[in-house]
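Student: Listed here are the chains, written in short residue letters.
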Amino acid sequence: MEEPDGKALRDDALAGGERGKRAFERLWRAWWPRLCWFASTWRGLPDAEREDAVADALVRAYGSLGAYDPSRPLAPWLYRIAARRFSDAARAASRHSTLALDPAGDEASWDPPSGEDHARELETRDLADRCRAAMARLPGADRRIAWLRFRDGLDASAIGRALGLPAGTVRWRLHLIRKTVGTAVGVDDEA
Amino acid sequence: MKRETLDAALREACARESGTIPAPPIPGRVLERAMAAALAGRRAGQGASRLKAALPGALAAASVLAAVLALAVTPPSYRAGEPLATALVAGLPENPAAAFALFLESAARP
Numbered sequence: 006m007e008e009p010d011g012k013a014l015r016d017d018a019l020a021g022g023e024r025g026k027r028a029f030e031r032l033w034r035a036w037w038p039r040l041c042w043f044a045s046t047w048r049g050l051p052d053a054e055r056e057d058a059v060a061d062a063l064v065r066a067y068g069s070l071g072a073y074d075p076s077r078p079l080a081p082w083l084y085r086i087a088a089r090r091f092s093d094a095a096r097a098a099s100r101h102s103t104l105a106l107d108p109a110g111d112e113a114s115w116d117p118p119s120g121e122d123h124a125r126e127l128e129t130r131d132l133a134d135r136c137r138a139a140m141a142r143l144p145g146a147d148r149r150i151a152w153l154r155f156r157d158g159l160d161a162s163a164i165g166r167a168l169g170l171p172a173g174t175v176r177w178r179l180h181l182i183r184k185t186v187g188t189a190v191g192v193d194d195e196a
Numbered sequence: 016m017k018r019e020t021l022d023a024a025l026r027e028a029c030a031r032e033s034g035t036i037p038a039p040p041i042p043g044r045v046l047e048r049a050m051a052a053a054l055a056g057r058r059a060g061q062g063a064s065r066l067k068a069a070l071p072g073a074l075a076a077a078s079v080l081a082a083v084l085a086l087a088v089t090p091p092s093y094r095a096g097e098p099l100a101t102a103l104v105a106g107l108p109e110n111p112a113a114a115f116a117l118f119l120e121s122a123a124r125p
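As you go down the protein sequences, you meet chains Y and X in turn. Under the working numbering, think of the first position of the first sequence as 6, with each following residue one higher. Under the working numbering, think of the first position of the second sequence as 16, with each following residue one higher.
Be aware that a few hints might be false.
To be verified - Derived lysine to any residue pairs resembling SDA-like cross-links, with alpha carbons at most 25 Å apart:
| id | chain 1 | residue 1 | chain 2 | residue 2 |
| --- | --- | --- | --- | --- |
| 1 | Y | K26 | X | G60 |
| 2 | Y | K26 | Y | P75 |
| 3 | Y | K26 | X | P42 |
| 4 | Y | K12 | X | R48 |
| 5 | X | K17 | Y | W177 |
| 6 | Y | K184 | X | R48 |
In case anyone wonders, no lab produced these hints; they're calculated from the structure.
Just chain X, with the same shape it has in the complex:
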C-alpha cells in the first residue's frame, strides 16, 4: 500500500483520538482567571499604545536637547552679537540622529 493509505489511516486515528475526549464545562475559577488574564493583557496593550503615542514628543525633546548641546560645545553658526535664540532655531536639526551626530562632531573638535 501507498503513503496516502497510511496517512489517511493516521488522520483517521488522530480524529478518533480527539473525539474520545469531550470538553467538560468550564470551571468557574478557570473562567475568572481567563477574564483576569485578558484584562491584564488589555492593560498591557494600552500601556504600550500610550508609550508609542508619547514617543514622537520624546524624540522632539531629545532633538532640541541635542541642538542645545551641540551649540553649547561649539556653536557652528553662532556669531557674537546675534541673539542666541536665533542661532538655536537656525541650528535645530531635523532629527535627533543628525543632532546627535552634530553633537559628537562638535565635541570631537579640539
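Same shape as in the complex, but just chain Y:
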C-alpha cells in the first residue's frame, strides 16, 4: 500500500484546489483501512458508527495538516487524532458492541505459495493465523499498541505519543502482549 509522504501531503492540502483533492484521496486510500481496523479496537464504538468515525478522523486530520510538523513522522500524529475521535465516539455511544474479528475472514485473499518454500509458507501462514486469533482476544488498549508496533513499526515513544501513554508503559504492555500471544500460539518469548 502506498504510504503518503507527510510533507507533500501537507503542501498539497495547503495548496487547495485539485491538488488538495488529490491529497485527500491519497490520505484516504492509504489510511482508511488502517484506521478502520484501529477503530475496531474501541469496543464501545458501534459497528454502524465505525466508518463514519474513520471518515471524520480523516477529515479532521486533513483539515489540521497546516499544524502538522513535516519533520516528524506522520503516523503517530495521525493516529493521535484518530484515537481522540474514536474515544469520543465510543464514550458518546450508549451501547457497547463486541467487535471481535473474524479470524477466517480473508482466506480467499491469500494466494497459495509455490515452489520449495511451500511448507515454510504454510507454517508461517498458520502461525500468523493463530497470532491474529490471539490478538483478537487481547483487550482493546493492547490491540492498539500491538497494531502500532507490528503494523506501523512505531517505537515505544511514538506509540506513547499516539495513544497518550508513557513510553515505559508501552514497553511493559508490549512485553505482556508478546508473552500472552506467544503462550497462545506456542512460541516462547525469548529476547
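Since the structure of chain Y is already known, use the hints to place chain X on it.
Tutor: Coordinates of chain X only, in the frame set by chain Y:
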C-alpha cells in the same frame, strides 16, 4: 522459538489484517467536508500569520507608550526649559521590556 519469530508472525498477522479491508470510494459529502476543513485551516493559518506580522508594530507602539508613561511619572532626563519632544526621544528605550522596567522603577519612587 525466539522473539524474532513471534514478531515476524505478529507483523504478518497485522499486514494480513489491514489487507482485508479495502478502502471504499470517498463519499461526496466526505470530500466536501474535507475541502471545507482544509479551507478553514488555511484561513486560520493566514490569520495567525497576519497577527505575527503585526506584532513588531504593536511592540513598537507599546515601547513608545511605555516611554511616555515613564516620563510622565518622573522624567529621568528632562530638564526644565528643554523641549519635551527631545527628552521623549532621548528617553525612548530600546525595547518594551526595558521601558516597562523603567516605568515600574519610576512609579516606585516616592
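Student: Now look at each hint and say whether the structure bears it out.
Tutor: Taking the hints in turn, this is what the structure says about them:
1. Y:K26 - X:G60: holds (19 Å)
2. Y:K26 - Y:P75: Measuring from Cα to Cα gives roughly 19 Å; hence the hint holds.
3. Y:K26 - X:P42: Answer holds: K26 (chain Y) to P42 (chain X) is near 13 Å, not above 25 Å.
4. Y:K12 - X:R48: Distance of about 22 Å is within 25 Å: holds.
5. X:K17 - Y:W177: Answer holds: K17 (chain X) to W177 (chain Y) is near 18 Å, not above 25 Å.
6. Y:K184 - X:R48: Not satisfied, since the Cα-Cα distance of roughly 43 Å exceeds 25 Å.
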